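Engineer: One-letter residues, chain by chain:
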Amino acid sequence: MLAILFGAFSFTSCSKPTSEPTSSDDNKTERATAERSAPAAVTVLIRNMKFEPTAIEVKKGDIVEWKNEDITPHTATASSFDSGSIGPEKSWRHTFTEAGNFPYICTFHPAMKAAVNVK
Amino acid sequence: MLKTIALTITCAALAAFTSAQAQSSSPPPLNDAQIAMIAVVANTVDVDAGKLAADKASSKEVKDFAQTMIRDHTAVNAKATALAKKLNMTPEESATSRSLKADGDKMLAKLKGMSGAEFDKAYVDNEVAYHDAVIGVVTKTLIPNTKNVELKSLLESAGPIFTAHLEHAKQLQKTLKK
Chain A
21 MLAILFGAFS FTSCSKPTSE PTSSDDNKTE RATAERSAPA AVTVLIRNMK
71 FEPTAIEVKK GDIVEWKNED ITPHTATASS FDSGSIGPEK SWRHTFTEAG
121 NFPYICTFHP AMKAAVNVK
Chain B
93 MLKTIALTIT CAALAAFTSA QAQSSSPPPL NDAQIAMIAV VANTVDVDAG
143 KLAADKASSK EVKDFAQTMI RDHTAVNAKA TALAKKLNMT PEESATSRSL
193 KADGDKMLAK LKGMSGAEFD KAYVDNEVAY HDAVIGVVTK TLIPNTKNVE
243 LKSLLESAGP IFTAHLEHAK QLQKTLKK
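As given, the protein sequences belong to chains A and B, one line each in that order. Add 20 to the 1-based position in the first sequence for the working numbering, that's all there is to it. Add 92 to the 1-based position in the second sequence for the working numbering, that's all there is to it.
Take these hints with a grain of salt, some might be off.
As the list claims (entries may be wrong) - When the alpha-carbon atoms are kept at most 20 Å apart in a straight line, the in silico SDA-like pairs for lysine to any residue are as follows:
1. B:Lys244 <-> A:Arg67
2. B:Lys171 <-> A:Arg67
3. B:Lys155 <-> A:Thr127
4. A:Lys80 <-> A:Met132
5. A:Lys133 <-> B:Pro252
6. A:Lys70 <-> B:Ser249
7. A:Lys70 <-> B:Ala167
8. A:Lys70 <-> B:Asn123
9. B:Lys262 <-> A:Lys110
10. A:Lys110 <-> B:Lys244
11. A:Lys87 <-> B:Asn123
12. B:Lys262 <-> A:Asn137
13. B:Lys244 <-> B:Asn123
Said to hold, decoys possible - A few chain A residues that don't get close to chain B, going by computed Cβ distances all over 12 Å:
14. Lys79
15. Ile91
16. Ser111
In short, the hints are calculated from the structure, not lab data. Computed from a prediction, not measured in an experiment: that's the story for all the values here. Cβ atoms here follow ideal geometry from the backbone N, Cα and C, with glycine treated the same way.
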């Protein structure tokens, strides 16, 4: 996609004033940045009384989805987020808008511990 | 003394579980319908104790634990009864399930007569002993004797749940010792 854009801009830049390639370069950079920072959705499975994986790393703006594959309800609870009860076969999503390390637990089963690291 | 009572009652229940298998006259092994009933009764006993503790316990941590017992054992029972219905299986009473129910009722009566820190400790001590006993029976007696693969799979999935409960109860026991 970038290659096509680059080709298109190169073609048009030949007959344009010198300021044009700069703005087309800016357009390319903006598009590339937008693509690089498009939010990703990361899944944490809740299975056999564990969070899988226990440690994940995401970018600011990414979404984490907790999927409960157990037959009992669970929670994903930190000081800055709380899913409330996530029933069996249900999911809960949270968007991480701030950087930092966010340890969390299941409040129903406090031995279940994990963390989300946000860059 | 209370711990001794809790352990005695639970050991009696465990003995009832295993005696059905150990008698020299070789009673018929448990069938799936009886295994399903034992599982249902075992869960119900803990839900009932949990309901009492959710109301009576003085420590917030013990109340929270009790709520988890209600939530989790109700969920396992819902799965067990749904599966029995699907398999057209009517859970069947046995000497073992009756003994388990009777011992659960005895513990409930004992706990009802207690209050405050004494109640909290007796409830948690019993939960440790009870889950330990149930894990043993499920692993050594129920799962190996279950014929239906779905029922066996459900019992196997209950393992990590009961183990988590046991560990949680043991942690609580440590805090209540103070």
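Engineer: Which hint numbers doesn't this structure obey?
Structural biologist: Hints 4, 8, 9, 10, 11, 12 and 15 not satisfied by this model.
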